[in-house]
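Based on the sequences and whatever the hints tell you, model everything.
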Amino acid sequence: MHAINYESPKTIDEAVKLLATHGEQARPLCGGTDLIIQLRAGVRRPEYVVDVKNIRELRRIEFSMQQGLRLGAAVPCIEIYENGDMRKYYPGLTEAAHLIGSLQIQSRASVGGNLCNGSPAADTTPALIALAAKCRVVGPGGERMVPIEDFCTAPGRTVLQPGELLVEFQVPSPARNSCDAYLRFIPRNEMDIAVVGVGASVTLDLGDEKISQARIGLAAVGPTPIFAREASQALAGKRINDESIERAAQLAIAAGSPIDDMRGTAEFRRHITGVLTRRTLAKAIERARTGQTSR
Amino acid sequence: MAKKAVVEATINGEQTEFLCEPRQSLLEVLRDELDLTGSKEGCLTGDCGACTVIVDGRPLCSCLMLGVEAQGKTIQTVEGLATPDSLHVLQQKFLEHASLQCGICTPGFLMSAKVLLDHNTRPTEAEIRYALAGNLCRCTGYDKIVRAVTDAAQTLASGTGKGSAGRLGSGPSAAESTSQQFLQGQEVK
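From first to last, the protein sequence lines stand for chains A and B. Mapping of the first sequence onto our numbering: residues 1 to 295, in sequence order. Mapping of the second sequence onto our numbering: residues 1 to 189, in sequence order.
Simulated from the structure, these hints should not be mistaken for laboratory data. One or more hints might be untrue.
Stated by the list, open to error - To give an idea of the interface, some chain A residues facing chain B are shown, with a C-beta separation under 8 Å as derived from the structure:
id	residue
1	1
2	78
3	191
Where a beta carbon is used, it is the ideal one built from N, C-alpha and C, also for glycine.
Rendered as structure tokens:
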């Protein structure tokens, strides 16, 4: 690894100052499970590594039924699934965090890092898309909120400008009769990169027979994580039956533009997108029916 | 060259201070600065788990953590498993079950297995395999590793734990006590 300077700011302002001062020569460090590999490979060569794990707002998990969730960008995956509120109110996001890499990786890897690395196959991003998460970004010019589905612009690229820091995710409080789920397909049992990942969140009407609202996010079937907007909207107001689920699955397949690579062909990925969309919706619906997120 | 940092951490129960450059990983620090060569370099990409250590109770790949990040942390490495009197029950069971051939993956497996047993006293086979999914072995085919972890869990659960399992000469075979002698730095005759 080339020689680096290590900074460990304690506040958002300090971090933003460092990032703004050094621009492309600075890179934030959370778990290091992507960055340290890149530093070693010479893919990134910043002079300054800015460790943001000691900034309170980036490490907290705050949930209330009134405010919803504020999830710090640097919270490691292990702290997400150790958190009772996360498991109860956002089980889809939690299971996505529990699927990344191995337990060793999960002790370090963060949801913020997963997003900012900009891989189209990032596991937690579709789960956050399904939850309509917003990203709070702080920079030298001030703050802005970015809808999660707009955050990644190309493989490895995000909307972050020099000097900007992703601070936290804000997720709405789960509606009554709603819940989320995440499933992915990988070639091995563990430790692999998604061939297809699907995150879904559904809100059911009071009778549990119709979907009032749904959001579907996709991983690894396009140059960025994808919000399957048409598939999601097609479920609004529909009765829960094979026909409506199948229509959503077909629209989800159409939302992706997968490529052939060593993990699978585009044709296979299209097929699996359909399979996982059906299964993820079924799981989210079943969870919503059990009312685990109700007050 | 960037200035070296002074880092204080508790390593295997001992307050330790070391100097390192920011670019040195915790693995490099352990091996090159502290002579704790038990943790191994396998891939440097967090895929093989040979460098697994326990930091603040959590298993992680020391190749993907900077040495400077160890400030104030509590770290356990494979060197801290055995006591002067006995092997850790996991080490004992790995020997009994012949769960190693070249042994390079073994320290990483021991640390991952230790974290599992610290949290789950009766793991199923599936839970064991999941907990060890971040550790790769090219020699054994994993079967004997899983058996050893299962046996260690049962031994701990039945309360005949560390003490008796690790005592020198507690096993019947000559090969076993030879291994114990070797591990404890005794001359093997």
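Tell me if the interface restraint on residue 191 of chain A is satisfied: Cβ within less than 8 Å of some Cβ in chain B.
6 Å, holds
Given residue 1 of chain A was flagged as interface, is its beta-carbon under 8 Å from a beta-carbon of chain B?
Holds, because the Cβ-Cβ distance from residue 1 of chain A to chain B comes to roughly 4 Å (cut-off 8 Å).
Is the interface hint for residue 78 of chain A satisfied, with its Cβ closer than 8 Å to some Cβ of chain B?
At 6 Å from the nearest chain B Cβ, residue 78 of chain A passes the 8 Å test, so the hint holds.
When held up to the earlier numbered hints, the structure conflicts with none and fits them all.
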